[in-house]
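Chains A and B supply the protein sequences, listed in that same order.
Residue 29 in our numbering is what sits at position 29 of the first sequence, and the numbering runs on without skipping anything.
Residue 92 in our numbering is what sits at position 92 of the second sequence, and the numbering runs on without skipping anything.
Worth flagging that the hints you see were computed from the coordinates, not collected in a lab.
Do not rely on the hints blindly, as some may be mistaken.
Just so you have them, the derived chain A footprint on chain B, three or more residues with Cβ under 8 angstroms [to be verified]:
(1) 14-23
(2) 106-113
Okay, derived cross-link-like pairs now, SDA-like style, lysine to any residue, Cα gap no bigger than 25 angstroms in a straight line [claimed, not checked]:
(3) Lys-41/A x Lys-69/B
(4) Lys-41/A x Ser-28/B
(5) Lys-41/A x Leu-82/B
(6) Lys-69/B x Ser-28/B
(7) Lys-22/B x Pro-79/B
(8) Lys-14/A x Leu-101/A
(9) Lys-20/A x Tyr-39/B
(10) Lys-69/B x Pro-115/B
(11) Lys-64/A x Ile-100/A
(12) Lys-66/A x Pro-18/B
(13) Lys-49/B x Ser-54/A
Which stretches of chain A does chain B cover? Using the computed rule of at least three CB atoms under 8 angstroms from a CB of chain B, they are [unchecked claim]:
(14) 28-42
(15) 90-97
(16) 105-112
Quick reminder that beta carbons are idealized off the backbone N, C-alpha and C, glycines included.
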Amino acid sequence: GAVVSQHPSWVICKSGTSVKIECRSLDFQATTMFWYRQFPKQSLMLMATSNEGSKATYEQGVEKDKFLINHASLTLSTLTVTSAHPEDSSFYICSAPSLILSYEQYFGPGTRLTVT
Amino acid sequence: AQSVAQPEDQVNVAEGNPLTVKCTYSVSGNPYLFWYVQYPNRGLQFLLKYITGDNLVKGSYGFEAEFNKSQTSFHLKKPSALVSDSALYFCAVRDIDTGFQKLVFGTGTRLLVSP
């Protein structure tokens with residue numbers, strides 16, 4: 001089946017620095033990818049929709065300038081957390097919809113971000 | 001707006017016993033419903049979906065779900081639980097209000113299967 005990878009799987013950074021998380025569709029092309037944030041013991045919160053060749057669409061309440069999304073190619077989307085703060089510590093998950101059945105999504109394994 | 005509710009934060013069951021994880025939905029139009037499982041520090045894995053057809057849907061790892069239109073429910077079931085089934089389970093519905101590709105997730109139910 002379709003595989004979505006994320007890199008890194010976990011990252012620790014200092015407050016004020018920026019960190020980039022990559023999401024790749026390994027065996028299929030994805031014109032759209034989704035970025036979610038998950039707090040401990042909570043559900044997934046959709047942050048933004050990444051669109052290849054155009055600007056990302058952010059959900060209400062998500063800071064565009066803090067969470068920069070770039071859909072560089074049909075297989076790669078990146079999420080950059082800028083000027084990270086401890087409250088940005090979370091589990092970030094990306095997903096990509098199937099090209100055949102758009103209502104099906106393939107999820108990456110997630111990236112654990114810890115900001116110290 | 002489309003939504004799903006998972007009324008139980010946690011479900012405890014002994015290994016070998018049947019399990020049920022509950023989900024109710026609220027949608028306009030025909031529902032596209034999904035169940036996903038998440039193991040610690042991992043992404044979501046697809047279990048099964050209901051689009052149309054038989055109300056009893058069979059999925060991965062021996063799981064099945066029953067779509068009940070009159071009760072607006074889509075409960076996840078398994079006849080005999082395994083310790084390895086212990087994980088976080090999410091019910092989801094396609095969000096047709098904002099785009100066919102978006103999913104709206106429930107709050108998740110932690111399943112704990114004891115030996």
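Legend entry - 25 angstroms Cα cutoff - pair Lys-69/B, Pro-115/B: Judged against 25 angstroms, a Cα distance of about 35 angstroms means the pair is violated.
Inset, instruction - Below or equal to 25 angstroms on CA atoms is what counts here, so check Lys-49/B against Ser-54/A. - result: violated, 31 angstroms
Legend entry - Coverage criterion applied to the region 106-113 of chain B (partner chain A; beta-carbon cut 8 angstroms; 3 residues): Answer holds; 4 residues pass the 8 angstroms Cβ test.
Inset, instruction - Given the hint that Lys-41/A pairs with Leu-82/B, test it: the Cα-Cα distance must not exceed 25 angstroms. - result: holds, 22 angstroms
Inset, instruction - Examine the region 90-97 of chain A: at least three residues should have C-beta closer than 8 angstroms to a C-beta of chain B. - result: Since 4 is at least three, the answer is holds.
Inset, instruction - Measure nothing beyond the straight line between the CA atoms of Lys-41/A and Lys-69/B; if it is 25 angstroms or shorter, mark the hint as holding. - result: It is violated: about 29 angstroms lies between the C-alpha atoms, which goes past 25 angstroms.
Inset, instruction - Verify the proposed pairing of Lys-22/B with Pro-79/B, using a straight-line Cα cut of 25 angstroms. - result: holds, 15 angstroms
Inset, instruction - For the pair we were handed, Lys-14/A and Leu-101/A, check the Cα-Cα distance against 25 angstroms. - result: violated, 41 angstroms
Inset, instruction - Closer than 8 angstroms, Cβ to Cβ, for at least three residues: run that test on the region 28-42 of chain A against chain B and report holds or violated. - result: holds (count 4)
Legend entry - Restraint check for Lys-20/A with Tyr-39/B, where alpha carbons must lie at most 25 angstroms apart: Distance of about 24 angstroms is within 25 angstroms: holds.
Legend entry - 25 angstroms Cα cutoff - pair Lys-64/A, Ile-100/A: violated, 30 angstroms
Inset, instruction - With a cut-off of 25 angstroms on the C-alpha distance, tell me whether Lys-66/A and Pro-18/B pass. - result: Judged against 25 angstroms, a Cα distance of about 46 angstroms means the pair is violated.
Going through the hint list in order, the structure does not satisfy hints 1, 3, 4, 8, 10, 11, 12 and 13.
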